[in-house]
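K.L.:
Modelling step: build the complete structure from the supplied sequences, incorporating the hints.
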Amino acid sequence: MFAEDIYTLSTPYREDMSVKGYHFGKGEQSACIIGPMRGKGVQQMYICSQLVKTLKELESNGCICSGREVMVIPVVNSYSMNIGTNFFGVEGEDINSQFPGRTYGDTAEQIAAAVFNRIKDYSFGIQLTAFHMTGESVPHIRMVENGYQNSSLANLFGLPFVVVKKAKPIDTKTLNYNWQSMQTAAFSLYTDSNEKVSVKSAKQALAAILRFLTRMGIIRYESHSGYISHVLKEKDLTAVHTMCGGIFRRKAKVGQDIRYGDAMAEIIDPYRGNTKETILAPTDGIVFFAHSESLIAEGDLAYYLVHRLHE
Amino acid sequence: MVKTVFSIGLSTGENLVIKKNRLEGTGGHGKGKKVAIVTGIHGDELEGQYVCYEMVRRIKERPELLNGVVDVYPALNPVGITVANRMIPKLDMDMNRMFPGDENGTSFERVAAAIVQDLAGADLCIDVHASNRFVKEIPQVRLCEEFSEKLISYARHMNVDMIWTNATETVHEATLAHAMNSMGVPTLVVEMGLGMRVNRSYGRQVAEGIFNLLYELGIWKERPKHIQYPVLSTDGEVEFIRADCSGVFIPAIEHSHFVKKGDKIGEIITPVEGKVEREIVAKKDGLVFTLREYPMVSKGALLARILTDIKTKEGE
Ligand SMILES: [Zn+2]
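Protein sequence lines, in the order shown, are assigned to chains U and F. Residue 242 in the numbering used here sits at position 242 of the first sequence; the count goes up by one each step and never skips. Residue 48 in the numbering used here sits at position 48 of the second sequence; the count goes up by one each step and never skips.
Calculated from the structure, these hints are not laboratory results. Where a beta carbon is used, it is the ideal one built from N, C-alpha and C, also for glycine. Be aware that a few hints might be false.
As the list claims (entries may be wrong) - Label pairs and their calculated CB-CB ranges: (1) E4(U) x A120(F): 50 to 56 Å; (2) L280(U) x E222(F): 56 to 62 Å; (3) K3(F) x E195(U): 36 to 42 Å; (4) F131(U) x G27(F): 48 to 54 Å; (5) F131(U) x S201(F): 43 to 49 Å; (6) M1(U) x V83(F): 41 to 47 Å; (7) E24(F) x F131(U): 43 to 49 Å.
Claimed, not checked - A short, non-exhaustive set of chain U residues, derived as facing chain F with CB atoms under 7 Å: (8) S10; (9) T11; (10) D106; (11) T107; (12) Q110; (13) C244; (14) G246; (15) A297; (16) L301.
P.N.:
Written out as structure tokens, the structure reads:
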């Protein structure tokens, strides 16, 4: 293993922020795994740190395939990690909407450009990320549909779901989109947690990444075969919105099987304590995403369901 | 008359309410046109507050001069404005990346969709922004290239200092202006001043420009007297000056002044060492139309923008 400083930013009153890459094996730039660009993505950073630890062991046991090189960037936006904000700097820029970046642009664009120039030639790119909205999702691989995406490769992670998302204008500035445009097979990996470490789902994510790297002939690692992924389009997820605001009491959990008409959550009047609304499942399915905060507004997304097809 | 455009429940004892003031003239229906003035998509931009005030005040004072309808929407992101948050509080999302919205989507997608629906059918829409907290701007209209041909004929009457075509920030497809222009409602984006502040003279200048445009459209009967015509520019004529190190920026010039090549624009100092880290010098002649106000800078921070190659369009 060797560590590399990919980008360093100096500021007058803080120590330098340095984006670090950890390299394993030698040879062709095979896979790059990159952690959070938002300062609250602690789970993603944790997974990357565990990956660095595991790859270091594998490397010392000679289990990185010859001619293959892997890089892990555990965190991009460490400055924001230390102050508990998602976005970078006084301007509050989202680094994940600055790609491919500009070497002579704003600070955030310069960070994105430095990182992107370093990672754009890898064959496989795996980004650990989370939803912008607060909530939990079933672990899955997500990819933007832009003509280059390869969902059959995404199956090799062995996670329960692969979601293909139609690119909106705002997506064209994300890392995933730009990686794919550079012919890197890019995957975004989501777990059920973001700000807090969830050891269980972190293990699942770590196993999925190691499984993928094994199947692509990059490392030698004994792993069980995982799930046979269910590939779905984001537009096919059933959105369940609230009809009113209040205190959100969740009953249905992420990953849970539910039937049409099941009570999934209650919205409690924050003054009087009575139930203002009972959210009923609009279809048979599996809970793919669930709102996780205790307060919710009218129209907010409470759940996404994967509609179950009957045999 | 103040009307509610849209209302949606927040979690605790409050609705989020979008309001507008519909001003109907007593000067006859004339061509019956409708013009909308919107502001406050970004909660830290307050220059539009004064523009709205001036518009409503002056129309109420002389309703007989108006023969059409003016709708004034002073706060499209009302919770953001209340706490000086550029984004939508809690969601931490830029509302001007959510248009045209979705009436079956999440709360704010519904808000965005309701705004678009309410603005549909206007003959013209003016979206008043201010700069952010970091840099000060002269009054200008920003156009994206896609619609510039059509919009320039409106923008030139707006009494602004400059029209900037294809400024990267307004090119974005998910902005209100883009959504409205795509629907065939000509929409101008005005930028001026500084975030979290009101510059009254800029506000009056732009209000005067809007009255001038209303006059040109035939729904305001009095032509404002002292209208200036803007400099036209494209990205190629704008020189960006960015910090190439971190520190504290101290400007050496005034905003909205001309500089010559070699003139000092400012310096980046390091207080702990008591020294000047960098001297910032103009590389071309031109008008400093953007100047940094917020002193702390990191590498890449925008310090100034200079409009070079100025062709003034006079004698209009
Ligand atoms: Zn704005």
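K.L.:
State for each hint whether it applies.
P.N.:
Cross-check of the supplied hints:
{"no.": "1", "hint": "E4(U) x A120(F): 50 to 56 Å", "in the structure": "holds, 53 Å"}
{"no.": "2", "hint": "L280(U) x E222(F): 56 to 62 Å", "in the structure": "holds, 60 Å"}
{"no.": "3", "hint": "K3(F) x E195(U): 36 to 42 Å", "in the structure": "holds, 41 Å"}
{"no.": "4", "hint": "F131(U) x G27(F): 48 to 54 Å", "in the structure": "holds, 52 Å"}
{"no.": "5", "hint": "F131(U) x S201(F): 43 to 49 Å", "in the structure": "holds, 45 Å"}
{"no.": "6", "hint": "M1(U) x V83(F): 41 to 47 Å", "in the structure": "holds, 46 Å"}
{"no.": "7", "hint": "E24(F) x F131(U): 43 to 49 Å", "in the structure": "holds, 45 Å"}
{"no.": "8", "hint": "S10", "in the structure": "holds, 5 Å"}
{"no.": "9", "hint": "T11", "in the structure": "holds, 5 Å"}
{"no.": "10", "hint": "D106", "in the structure": "holds, 5 Å"}
{"no.": "11", "hint": "T107", "in the structure": "holds, 4 Å"}
{"no.": "12", "hint": "Q110", "in the structure": "holds, 5 Å"}
{"no.": "13", "hint": "C244", "in the structure": "holds, 5 Å"}
{"no.": "14", "hint": "G246", "in the structure": "holds, 6 Å"}
{"no.": "15", "hint": "A297", "in the structure": "holds, 5 Å"}
{"no.": "16", "hint": "L301", "in the structure": "holds, 5 Å"}
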